[in-house]
Amino acid sequence: MIRGLASIPLIAFALATPAFAQAYPPDGPSIPSIAISEEGSHDLNLQAPPPPKGWDQESAWNIKVEGFNDNQGRPIYQPLIVNQNGREILYLGNLAGNLLNPLTGKAEPNGTSIIDVTDVKHAKYLFHIPGPPGDVGNAGAQMVRVCSGDVLPHGEKGKWYLLRAYGNVGPDEAHQIWDVTDPAKPTLLTTIVSGLSNTHKNWWECDTGIAYLVAGSKSDGWHQSGSAQHLKIYDLSDPKAPVYIRDFGLVGQQPDADIATAKSCEAAPGPNCYEGIKNPPGGVHGPISMGTTVNRIYLPYGVGENGVIQIVDRQKLLSGCTLPTASPNCAQSPTQAELLYPQVGFVTMNPDNGGHSAMPILGVPMWQEQHNYADGSWQKKNLLIISSESTANNCLGQAPHEAWILDITNDATPWPIATLNVPQYPGDFCRKGARFGAHAVTEAIYPPYYGKIIGVSWFNAGARIWDIRDPKNPKPIAYYIQAPNANTIASCATIDGVAHCQNTTMNDYVEFDDRGYIYAADRAGSGVTILSLTGDALKSFRPADPLLPAQKH
Amino acid sequence: MKPRCFVAAAIALLSLAASSAYAGSDSETIAADGRQQVAKIIPGQSTKADVQSLLGAPWRVVQFNDCGMAMDGQADETWEYRGADASGGYRLHVEFGDNKVVHLIAKIPDAIPGGAATEAKVAPSEPAKGMSM
Chain A
33 MIRGLASIPL IAFALATPAF AQAYPPDGPS IPSIAISEEG SHDLNLQAPP PPKGWDQESA
93 WNIKVEGFND NQGRPIYQPL IVNQNGREIL YLGNLAGNLL NPLTGKAEPN GTSIIDVTDV
153 KHAKYLFHIP GPPGDVGNAG AQMVRVCSGD VLPHGEKGKW YLLRAYGNVG PDEAHQIWDV
213 TDPAKPTLLT TIVSGLSNTH KNWWECDTGI AYLVAGSKSD GWHQSGSAQH LKIYDLSDPK
273 APVYIRDFGL VGQQPDADIA TAKSCEAAPG PNCYEGIKNP PGGVHGPISM GTTVNRIYLP
333 YGVGENGVIQ IVDRQKLLSG CTLPTASPNC AQSPTQAELL YPQVGFVTMN PDNGGHSAMP
393 ILGVPMWQEQ HNYADGSWQK KNLLIISSES TANNCLGQAP HEAWILDITN DATPWPIATL
453 NVPQYPGDFC RKGARFGAHA VTEAIYPPYY GKIIGVSWFN AGARIWDIRD PKNPKPIAYY
513 IQAPNANTIA SCATIDGVAH CQNTTMNDYV EFDDRGYIYA ADRAGSGVTI LSLTGDALKS
573 FRPADPLLPA QKH
Chain B
7 MKPRCFVAAA IALLSLAASS AYAGSDSETI AADGRQQVAK IIPGQSTKAD VQSLLGAPWR
67 VVQFNDCGMA MDGQADETWE YRGADASGGY RLHVEFGDNK VVHLIAKIPD AIPGGAATEA
127 KVAPSEPAKG MSM
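Top to bottom, those sequences are chains A and B.
Start counting the first sequence at 33; every next residue gets the next number (this note's numbering).
Start counting the second sequence at 7; every next residue gets the next number (this note's numbering).
Careful: at least some of the hints might be erroneous.
Stretch-level coverage of chain B by chain A, calculated; a stretch enters the list once three of its residues show a Cβ under 8 Å from a Cβ in chain A [to be verified]: (1) 82 to 88; (2) 95 to 109; (3) 112 to 124.
To be clear, the hints were calculated from the coordinates, so they are not data collected in a lab.
On a predicted model such as this, the values are computed, not experimentally measured, just so you know.
C-beta atoms are modelled at their ideal positions from N, C-alpha and C, and glycine is treated no differently.
Start from the sequences, fold in the hints, and give me the full structure.
Now the structure itself:
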């Protein structure tokens with residue numbers, strides 16, 4: 033029975049999942065229920081990951097290639113796949129650069145790619161929305177979110193809206209909204225806010241319109257180490273008329289913090305302290321809100337060093353500056369108390385690792401705890417999958433960057449219960465060129481996968497998938513490492529006085545769509561590969577089966 | 007169009023092309039007679055203007071400063087040119103530091119058996135560095 037199920041094409045699960053029927057974040061507040069019929073990965077007798085092939089070859093384990101698009105040779109940061117009324121559209125936020133757009137015949141600064149992936153075997157590049165002109169160092173449009181006008185409280189019915197960062201580190205970056213109702217003919221709707229620097233990964237609640245923008249500015253007075261960015265929260269429920277709500281960050285980042293004299297809040301709690309181990313704390317990378325019902329927002333700070341993971345009460349965050357007791361400048365320059373008011377909990381990481389991603393997986397059955405603990409009933413936990421970003425080629429000068437599973441069942445006291453790791457060997461990844469280490473965690477909620485498998489991009493070690501049904505003992509179940517191609521940007525390093533370059537792909541993000549396809553986006557310009565699970569990996573999200581020996585325990 | 011006007015227009019177009027930092031055309035490969043020009047690019051000395059003057063506009067420009075972090079080397083700008091010789095296709099990879107001066111240059115074959123490294127030229131003062139992208 034199990035063997036038979038494993039041979040069912042992935043698309044069969046997609047057929048059982050009505051397109052756009054779900055109202056999970058960011059489209060709604062529901063959280064998928066994670067069935068307890070599975071035994072956990074222990075019963076699968078999964079094989080250990082096989083060693084990858086040579087550095088110049090594609091390697092795939094329990095995964096197969098379904099489709100590909102070269103993205104015009106532009107290096108990709110973030111993929112997002114949206115079911116637009118039955119049409120599957122892939123949006124790609126690109127890193128800074130400049131390249132020919134064959135559709136227009138013109139060189140265009142890297143911006144947002146729009147690709148129709150309805151037929152994954154014939155992905156069609158529809159449009160490139162250029163990034164900012166001028167100095168390439170200011171360019172790129174790395175982050176993208178999309179909401180339907182049917183879901184946004186004050187959106188125009190039938191419309192689709194794209195939220196993107198515009199530029200990155202220049203002096204006048206922005207966040208924009210585009211009308212992508214016709215994804216082949218996007219039009220700029222509005223610029224939400226400009227005069228920013230260090231824009232980064234936003235989150236947009238489509239059902240409420242609340243957007244958590246990530247950016248800083250040269251003049252707002254906020255303090256951050258490393259990546260100089262914090263939250264700027266807007267009400268985009270009417271995409272044509274953005275409404276500013278407030279700025280937010282960690283204690284120690286607020287404009288009135290005296291960073292010259294601030295001390296650790298842990299060692300010396302007081303009115304002038306900073307959370308974490310870095311003064312001022314590193315910037316936020318990308319928040320995830322689980323919506324109005326869960327009422328929590330998960331915030332990773334630090335990116336690749338001195339990290340902090342923070343959990344915030346959503347309602348208190350949004351309403352805090354409207355309280356009668358709020359200070360006059362609460363929105364733009366909150367006091368320490370006003371930053372603490374919505375904070376539910378935080379955990380400090382070590383100096384070598386930072387918070388890049390923080391993806392909540394809520395209500396996961398703990399199969400090892402179903403008996404012999406508590407009252408013998410199924411125990412469930414809330415989890416947060418976090419990652420730290422590797423930032424050095426050839427591992428030079430850095431500790432390993434990995435991903436972890438935190439137990440946030442008590443969200444005031446997050447605590448790690450497992451590590452998601454890719455070993456350096458086999459593969460000899462530190463000598464392969466480019467970066468080796470964790471980057472980003474999958475964020476899309478696809479119910480058959482949710483709580484069962486998770487993907488983490490691992491740069492030169494490819495897209496990595498784990499079975500997390502037994503979250504204290506996660507098991508690798510699939511990986512895909514793209515081979516370099518004619519568009520792969522070489523990665524260079526100088527080690528022991530010798531400079532060298534290697535053609536190496538770097539999986540920047542791995543993401544799911546609502547059909548179960550997996551997208552591996554390459555940071556080194558090699559394109560985006562569309563994948564599906566095969567073999568033992570399919571068993572990790574098999575549907576409930578009464579014949580399975582779940583009741584034996 | 008009168009011949010004089012045609013020449014003027016052609017010169018104007020050529021000037022425009024030369025002044026554009028990023029042309030990004032597949033046809034813009036390094037010509038056979040341009041390979042000698044590559045040897046004139048000196049890490050630690052040559053500027054963006056020098057490289058553009060020698061080789062024209064690059065096929066692709068990239069920069070990986072994704073988080074706005076001041077990470078070593080992440081602000082480096084890379085220019086790539088396509089070329090071909092008897093061994094097959096290759097890319098000329100030129101990295102500029104924050105001072106817009108070449109700090110690394112390498113001729114990288116499109117296909118390298120086993121994915122082995124290709125040696126690059128850097129300025130003599132180049133420190134150990136692993137964060138080129």
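Next item on the list: Find the hints from earlier in the document that the structure breaks and name them by number, from lowest to highest.
Entry: none
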